[in-house]
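> All chains should be built: construct the whole structure from the sequences, respecting the hints.
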Amino acid sequence: MTGGRTRRAGVVLALAGGALGFLAVLLWPAPELAPRVGGLPASPDPALDVPAPAPLERDPHLAMWSVVERPASALSAPGRGRRVGRLRTRTPEGTDNLVLVRRRARDARGRVWVEARLPVLPNGTVGWVPRDALGGYRLVRTHLVVNLRRFTATLERDGQPVFRARVGVGLPRWPTPRGRFYIRNKLVRYRSTFYGPLAFGTSARSAALTDWPDSGFVGVHGTGRPELIPGRISHGCIRMRNRDIARLGRLMPVGTPVTIR
Amino acid sequence: MHDISFDHLDADGAIAEAAERAGVVSRATFLGGALGGSLTLLGVAGERAIAQAPGPSDVAILNYALTLEYLQAAFYTEAQRMKALRGRAAEAADVVGAVERAHVAAFRDVLGSKAASRPSFDFQGTTEDQNAFLKTAVAFEDLAVAAYKGQATRIKASSALAAALSIHSVEARHAAWMRYLFGVQPATRAFDEPQSKQQITRVVNSTGFITNTPSTQGSRTPRYTG
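From first to last, the protein sequence lines are chains A and B. With numbering that gives the first Met the number 0, the residue at position 205 of the first sequence is 204, and numbering never jumps. With numbering that gives the first Met the number 0, the residue at position 153 of the second sequence is 152, and numbering never jumps.
Derived from the structure by calculation, the hints contain no laboratory data. Check the hints yourself; a few may be wrong.
Here are some chain B residues pointing at chain A (derived, C-beta under 10 Å) [stated by the list, open to error]: (1) Val95; (2) Asp128; (3) Ser158; (4) Tyr179; (5) Leu180; (6) Gly182; (7) Val183; (8) Ala186; (9) Arg219; (10) Tyr223.
Footprint (simulated), chain B over chain A, 3 or more residues, beta carbon under 8 Å [as the list claims (entries may be wrong)]: (11) 38-47; (12) 182-194; (13) 210-219.
Computed from a predicted model, the values in this text were never measured in an experiment. For every residue, glycine included, the Cβ atom is placed at its ideal position computed from N, Cα and C.
As structure tokens, this is what we get:
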């Protein structure tokens, strides 16, 4: 019994001594040896400071759009239903056609479809487009809000206003359509004092001017008659002073959702 | 499917211009395949100084790595946003996506104004299908491991090499993780072969994932309703 205790005490002492010795080796301050271990040079500092990985935050202000890669019909349901629109790959202005993406779903055969806001009449039409008819997804954080009663256009980024201007809107007989749309393209360096220096094309179309050239799309553009702004002055387009449209041109990317109310 | 050469990958010339601005390599030489240049850019950018050395440009190599990191970060981030993945694949996309975004941030930070621009991507539905996602993730991670290995002997500055190696091993862990999730053996070979920039570019081109920027701006006189 006594001999067993003595042996155990010896083992404990031996372990404690070993641990202390190990710690001493680890902690021994040997500055002259710090740069070299066993004759090897110290590792260099990496050229990069890689930050800690951060989770992807949910962003309620993100909107997604995609280019139409091949002509396609838009249906009222994924893979079935009636045709609600036809999509071409180019706009009447010669730019890539695009749609605003809302959500995605699979049909009964497992094919992926995308619900998109469409540039067709009646305004506000949404339809399901085959995923493989579209290109890559692109994101915007901006949103243009046009108030027809107050004659204002406000651009928001991440939900905060970053631009505001007075505008001219459609006359009562050619009203600017209300609803949710998106910016389809941006035209610059053309020769027209009527449209000002820059024009955005939207997915909104005039329901009154259906025989207008190039399908009667509603634009957001400058003007040669700034004295008429604000007011009901146009055929449906949203006009703003040239200095305002030039500034908006720097702030608003194509694909931006537009709300007209 | 697009046929993308390195010219397309560097569509706006940002990578080539970065090397050219350094005054150490002509655009023709750069696009001809030589990742040429010197290491002065990082010092100019006010970042950590990297010893100057002749020969291949570490800046160009870092930009090459950045482009691959852009590709990976965009892939995982889009998969996260699509919310089409489930179970362990979704968890892996969350973790790996965050890491790849951190890699992008690190490269952009050290390269400053010399950082290559982010290309446009079209992942062609692979972020919206579990099986296609995992298959593509395995390919991407294997590709990244081979790409870092392929440039290791070309990097001149030890600090840049240390950085590349620290990321290389992380990419290898990702590769093993994605292989496990996809149901293939993570490590069966005794040696991994490096791949050159040309080999990597050829593989990336074949996917069609890097696309041209959409043409959404024109100069035709508007015919909107006015």
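> Quick check on tyrosine 179 of chain B please, does its C-beta sit within 10 Å of some C-beta on chain A?
violated, 20 Å
> Tell me if tyrosine 223 of chain B is really an interface residue toward chain A, meaning its C-beta lies closer than 10 Å to one of theirs.
Interface hint status for tyrosine 223 of chain B: holds (3 Å vs cutoff 10 Å).
> Should the interface hint for valine 183 of chain B be scored as holding, given a Cβ-Cβ cut-off of 10 Å against chain A?
violated, 23 Å
> Do the numbers back the hint for alanine 186 of chain B, that is, is its least Cβ distance to chain A under 10 Å?
violated, 24 Å
> With chain A as the partner, please determine if valine 95 of chain B meets the hint condition of a C-beta pair closer than 10 Å.
The hint holds - valine 95 of chain B has a Cβ within 10 Å of chain A, the shortest such distance being about 9 Å.
> Tell me if serine 158 of chain B is really an interface residue toward chain A, meaning its C-beta lies closer than 10 Å to one of theirs.
holds, 4 Å
> Is the shortest C-beta separation between aspartate 128 of chain B and chain A less than 10 Å?
At 7 Å from the nearest chain A Cβ, aspartate 128 of chain B passes the 10 Å test, so the hint holds.
> The segment 38-47 of chain A covered by chain B? Criterion: 3 or more residues, Cβ-Cβ distance below 8 Å.
Coverage by chain B holds for the segment 38-47 of chain A (6 residues, Cβ < 8 Å).
> Closer than 8 Å, Cβ to Cβ, for at least three residues: run that test on the segment 182-194 of chain A against chain B and report holds or violated.
That given contact holds, which follows from 11 residues of the segment 182-194 of chain A lying within Cβ reach (below 8 Å) of chain B.
> For the hint on glycine 182 of chain B, does the least C-beta distance to chain A fall short of 10 Å?
violated, 20 Å
> Does arginine 219 of chain B meet its interface restraint, that is, does its C-beta lie within less than 10 Å of any C-beta in chain A?
With a minimum Cβ separation of about 5 Å from chain A (threshold 10 Å), the hint on arginine 219 of chain B holds.
> In terms of beta carbon proximity below 8 Å, does the segment 210-219 of chain A have 3 or more residues touching chain B?
holds (count 7)
Hints 4, 5, 6, 7 and 8 from the earlier list are contradicted by this structure; the remaining hints agree with it.
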